[in-house]
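Participant: Required output: the full structure, derived from the provided sequences and hints.
2 protein chains.
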Amino acid sequence: MRFSVEGIPGLPEIEPGADLAALIADAVAAGESAPLVDGDILVVTSKVVSKAEGRIVQADDREQAITDETVRVVATKLNPSGAVTRIVENRLGIIGAAAGVDASNTAPGTVLLLPLDPDASARGLAAGLRELTGARVGVLLSDTLGRAWRQGQTDIAIGAAGVQVFDDFAGRTDASGRELAVTKPCLADELTAAAELVKGKTSGIPVALVRGLGHLVGDLDLPGAATIVRPAEDDLFRLGADDAYDEGYRAGFDEGQREEPQS
Amino acid sequence: MRFSVEGIPGLPEIEPGADLAALIADAVAAGESAPLVDGDILVVTSKVVSKAEGRIVQADDREQAITDETVRVVATKLNPSGAVTRIVENRLGIIGAAAGVDASNTAPGTVLLLPLDPDASARGLAAGLRELTGARVGVLLSDTLGRAWRQGQTDIAIGAAGVQVFDDFAGRTDASGRELAVTKPCLADELTAAAELVKGKTSGIPVALVRGLGHLVGDLDLPGAATIVRPAEDDLFRLGADDAYDEGYRAGFDEGQREEPQS
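Sequence lines, in order, name chains E and G. For the first sequence, this note's numbering begins at -15 and goes up steadily by one. For the second sequence, this note's numbering begins at -15 and goes up steadily by one.
Hints may be right or wrong, so weigh each one.
[Stated by the list, open to error] Restricting the straight-line Cα-Cα distance to at most 30 Å, the calculated cross-link-like pairs of lysine-lysine (DSSO-like) are:
#1 168/E / 61/G
#2 168/E / 168/G
#3 168/G / 61/E
#4 61/E / 61/G
[Said to hold, decoys possible] If you want the footprint, here are the derived chain E segments under chain G, 3+ residues with CB under 8 Å:
#5 139 to 153
#6 209 to 218
By construction, these hints were calculated from the structure, which means they are not laboratory data. The beta carbon of each residue, even a glycine, is placed where N, CA and C say it ideally should be.
Facilitator: In structure tokens, the structure reads:
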């Protein structure tokens, strides 16, 4: 089993209304990569999809733009400097520091928001590429996200089309016949992580081609990346520790005031 | 920029005391891969390192083995079935469901613990491979981990030697001269995630070769994977939401009992 990951250079600066499928097909054709074939997976930085979809808004204040995109504050931390770090849930249910608001690589005074429906964007892109090239390709849209408990960021999948998002070992057994403890590797997040290694943040290469994993490519109606998001009510870490403590403290205090002290 | 990831088949079942560097070098030499060259990165499932290091213990009860490896319970959840889901911190500071205890692919009645010092294990392996092959390779040890907020698991780095663990963009600017918001991609976790796509869970291939990212390979004294772990005191999610709420509730209740009710 072997696959390759290569950056696709030569994409122009993306303007609102751009036909991204055509631009990517052209960039592949003009570059050193072999033509797209069945089973290829294109990992596209969601930022260029946002640009093509015109998701650029005026915002002098990035913090305000983040507030506007936030559906729920998950955790806050007052730093010694007086600044507040926020971890928030955005419209897509994705939890991170910036709610998907990107203020780098856009014109001053503007920020870039995430695509409204990244799975739909991925489907549109995959359908366009399949039509233009005749190759049955899959598409993932990536964004960069921090994590609980681990420093640094990795690229994760916020949109998927024609790519198997999870492997599923539920009920499968190991060589000794024991049920496997790890049941659901998130292939989509592993693919976007791999792609980040060639796209990088300063290289200006927003598209990577993953070749050799055709067994993960299927119909465009496969489940999308929205299925990766764990609903808050099922999540043991739906609130920051301090925030949950404070909420508990207030409830406990009120109850302690109401109840007669036990002697 | 282009790299490839290939599974290295042909490794025998690993016994305690096995010379893993020699076995990996032999497997590469016997397989279809070209000989190891400077800049190659080997991603090794930590399970085979544990086996070589004899980290197999008798344990009829996997839950008890997890308890023994736990330094701190991070979150608990009582399921409708009556079973308790635990998220725990292990000796290495890594937070997950199983504290690194693996009960699959080991003999019945035994479990496999993580290497005692995975960065040291990675250094030993990299030094051995460099000596045996003359190639300046890097080594990552991987484990499989769930995440907050996202379903499924990905492979992460628990040991690293001779591989740059983070990219670091702190202070670097984008094309418009604005400071980049994403400052620290975790290359090691992205590499182990990529490797999982060829190693899989049922293929029996515990080693992957990443070729073409030689700019990430350096001296064996580069910082290891222990630097990826965020100390609990710095983490906004150091406790589960319910657990922190309960802790706050108890403190608030006691305080509410002590204080005279405000009218």
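Participant: Each hint: holds or not?
Facilitator: A quick look at each hint next to the structure:
1. 168/E / 61/G: Answer holds: residue 168/E to residue 61/G is near 20 Å, not above 30 Å.
2. 168/E / 168/G: 27 Å, holds
3. 168/G / 61/E: Distance ~20 Å between residue 168/G and residue 61/E Cα, so the pair holds.
4. 61/E / 61/G: 25 Å, holds
5. 139 to 153: holds (count 5)
6. 209 to 218: Since three or more residues must qualify, the claim that chain G covers the stretch 209 to 218 of chain E holds, with 4 doing so at under 8 Å.
In terms of the numbered hints stated before, the structure departs from none.
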